[in-house]
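*Asks:* The lines below spell out each chain.
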Amino acid sequence: MKRFLTLTPLAFLLSGCSGNWGWYVVDPTTTSGYNNLVFLMGGAWNTILMSLTAILISVFVGLLIALPGLSEKRSLRSINRVYVEVVRAVPILVLILWVYYGLPQVTGITLNVFWAGVLALALSDSAFQAEIFRAGIQSIDRGQYEAAHSVSLNYRDTMRYVILPQAIRRILPALGNQLVYMLKMSSLVSVIGMQELTRRANELVVTEYRPLEIYTILVLEYLVLILIVSSGVRWLERKMQAQERN
Amino acid sequence: MKTDANDSLIGITNLSKYFGPFQALKNVSLTVSEGERVVICGPSGSGKSTLIRCINRLEKHEEGRIVVDGTELTETRESLDKIRANVGMVFQQFNLFPHLTVLDNLTLGPKRVFGLSDQEARDRALGYLERVRIADQADKFPRQLSGGQQQRVAIARSLCMEPRILLFDEPTSALDPEMINEVLDVMTELAGSGMTMICVTHEMGFARRVADKMVFMDQGEIVEVADPETFFTAPKSTRCQDFLQKILSH
Chain A
188 MKRFLTLTPL AFLLSGCSGN WGWYVVDPTT TSGYNNLVFL MGGAWNTILM SLTAILISVF
248 VGLLIALPGL SEKRSLRSIN RVYVEVVRAV PILVLILWVY YGLPQVTGIT LNVFWAGVLA
308 LALSDSAFQA EIFRAGIQSI DRGQYEAAHS VSLNYRDTMR YVILPQAIRR ILPALGNQLV
368 YMLKMSSLVS VIGMQELTRR ANELVVTEYR PLEIYTILVL EYLVLILIVS SGVRWLERKM
428 QAQERN
Chain B
226 MKTDANDSLI GITNLSKYFG PFQALKNVSL TVSEGERVVI CGPSGSGKST LIRCINRLEK
286 HEEGRIVVDG TELTETRESL DKIRANVGMV FQQFNLFPHL TVLDNLTLGP KRVFGLSDQE
346 ARDRALGYLE RVRIADQADK FPRQLSGGQQ QRVAIARSLC MEPRILLFDE PTSALDPEMI
406 NEVLDVMTEL AGSGMTMICV THEMGFARRV ADKMVFMDQG EIVEVADPET FFTAPKSTRC
466 QDFLQKILSH
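Taken in sequence, the protein lines are chains A and B.
Our numbering numbers the first residue of the first sequence as 188 and each following residue consecutively.
Our numbering numbers the first residue of the second sequence as 226 and each following residue consecutively.
Note that these hints are calculated values from the structure, not bench results.
Please read these numbers as outputs of a predicted model, since none were measured by experiment.
It is possible that part of the hints are untrue.
To be verified - Below, in silico cross-link-like pairs of lysine-lysine (DSBU-like), each with a Cα-Cα straight-line distance of 35 Å or less: (1) B:Lys365 <-> B:Lys461; (2) B:Lys438 <-> A:Lys260; (3) A:Lys260 <-> B:Lys307; (4) B:Lys251 <-> B:Lys438.
As the list claims (entries may be wrong) - Calculated Cβ distances over 10 Å to all of chain A for the following chain B residues: (5) Ser241; (6) Gly245; (7) Gln318; (8) Pro323; (9) Gln362; (10) Ser383; (11) Asp401; (12) Met420; (13) Pro460.
Don't be surprised by glycine CBs; every beta carbon is placed ideally from N, CA and C.
Please model the complete structure; the sequences and the hints are all you need to start from.
*Replies:* Right, dumping it as structure tokens:
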């Protein structure tokens, strides 16, 4: 780990115009540089926790919103349409500000920055999840419903044991995409003071005046996080495919 | 007509079904008694599949009545559940659950619907897999099996629900020729065991061997109903004669 920390800035040092760089702010061999690095990376946990919590909620809400969208009843379908269209139309940053500053005035419940951020991220993402689930479920052959019907399964069991397991396999790449998207969008929660990666970087820039180096580290932090997530998703995809083939 | 419908296991009276402006079934009436084997044939688009799909409510009929074992098929949950429990179905495309093993395909219904334990459901499933001679494939996934094997699994899946009536919707039409017989053999054996069966099929050899009653449909109507002997040797209607000539001459 330490070697990695030394090598990455070193690579930049060697390749960049040395006169413009001031890597000392994040040089782990000096005490202040080391402390700065620890401070920057200390935001990772909140970024991860917030993104994962938000995606769990949004997958669940998205599924709940997708199901009426598949109904034969027009009234149920319109619930789905209205939700998706309205939520999708609000920019995430606006939603974060609205949930944190506006919602307490309406409901009287004040959310801390973490939960305000999670709620806004989840809400925003749920509209996309709903569309992903709807497409995934619609892609399942009608014969699967008919077979489930002919062995007397009710709607819930048909969804739970027959349709959703197949649909989720198909939408796994899209779900992975959303998780990557979520990790990136969580940086916006920094505006309400959430101590995650971006906020930490902003705070350090204010005291150190080295935006180039600090934001470069920030870029690398997101890159590493997202590479880990996407290889995890790919591993899961392969595992599920293998399970079906063997 | 009414007493007729009550005595029989399935009573279909003046059934009509529309797909938009197109009338797929025109005033169809048919009775099937317990243990009877009915084979329905006719040119494609004649309404054969639609008719049997109406019996377990895969299609909704607009006019007429369907009575199965004394219960009329209506919109109510109660009626639908009762009839579904009595009627099993085997599809042209097998429609096995691809994400489940053969065994899990068979045990899902009994476990969820009858509340059987894992062990009970497994025993029952293995019993029926034995009967369709495929028990050694229990832990495989559907896509690892041949078409004929998949269709036999599908038959076993239906049997696991222990229905009184089995509907077959062109069960061999999607199969390669060399696999048709293994499925027909299973169906023949099933017929011998006294199962009430309604089969939509073009397999006339099977029909001749197994059917108690032949039904010929054309353009949404039942044109002719007869015992196989009469049906194949002396069909009355010209439409039926034409059809048989085409299908038997190749």
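*Asks:* Now tell me, hint by hint, if it's right for this structure.
*Replies:* A quick look at each hint next to the structure:
Of the pairs offered as hints, the one joining Lys365 of chain B and Lys461 of chain B is violated, with about 49 Å between alpha carbons and a cut-off of 35 Å exceeded. Of the supplied pair hints, the one linking Lys438 of chain B and Lys260 of chain A is violated, its CA atoms being roughly 41 Å apart against a limit of 35 Å. At most 35 Å may separate the alpha-carbon atoms for a hinted pair to count; Lys260 of chain A and Lys307 of chain B meet this at roughly 25 Å. Pair hint Lys251 of chain B plus Lys438 of chain B holds up; C-alpha atoms about 20 Å apart against a cutoff of 35 Å.
Every Cβ of chain A is farther than 10 Å from the Cβ of Ser241 of chain B; the closest lies at roughly 21 Å, confirming the non-interface assignment. Consistency note on Gly245 of chain B: stated as away from chain A, and its beta-carbon is indeed over 10 Å from all of that chain's, at 16 Å minimum. A beta-carbon of chain A comes within 10 Å of the beta-carbon of Gln318 of chain B; the shortest separation is about 5 Å. The Cβ of Pro323 of chain B does not lie farther than 10 Å from every Cβ of chain A; its closest approach is about 7 Å, which violates its non-interface assignment.
No Cβ of chain A approaches the Cβ of Gln362 of chain B within 10 Å, the least distance being about 14 Å, so the stated non-interface status holds. Ser383 of chain B, annotated as away from the interface, has a beta carbon of chain A within 10 Å; the closest lies near 7 Å. At the 10 Å boundary, the C-beta of Asp401 of chain B stays outside the reach of chain A, the nearest C-beta of that chain being 19 Å off. With 10 Å as the threshold on Cβ separation, the claim that Met420 of chain B sits away from chain A holds: the shortest Cβ distance comes to roughly 15 Å.
The non-interface label for Pro460 of chain B is consistent with chain A: the shortest C-beta to C-beta separation is roughly 32 Å, beyond 10 Å.
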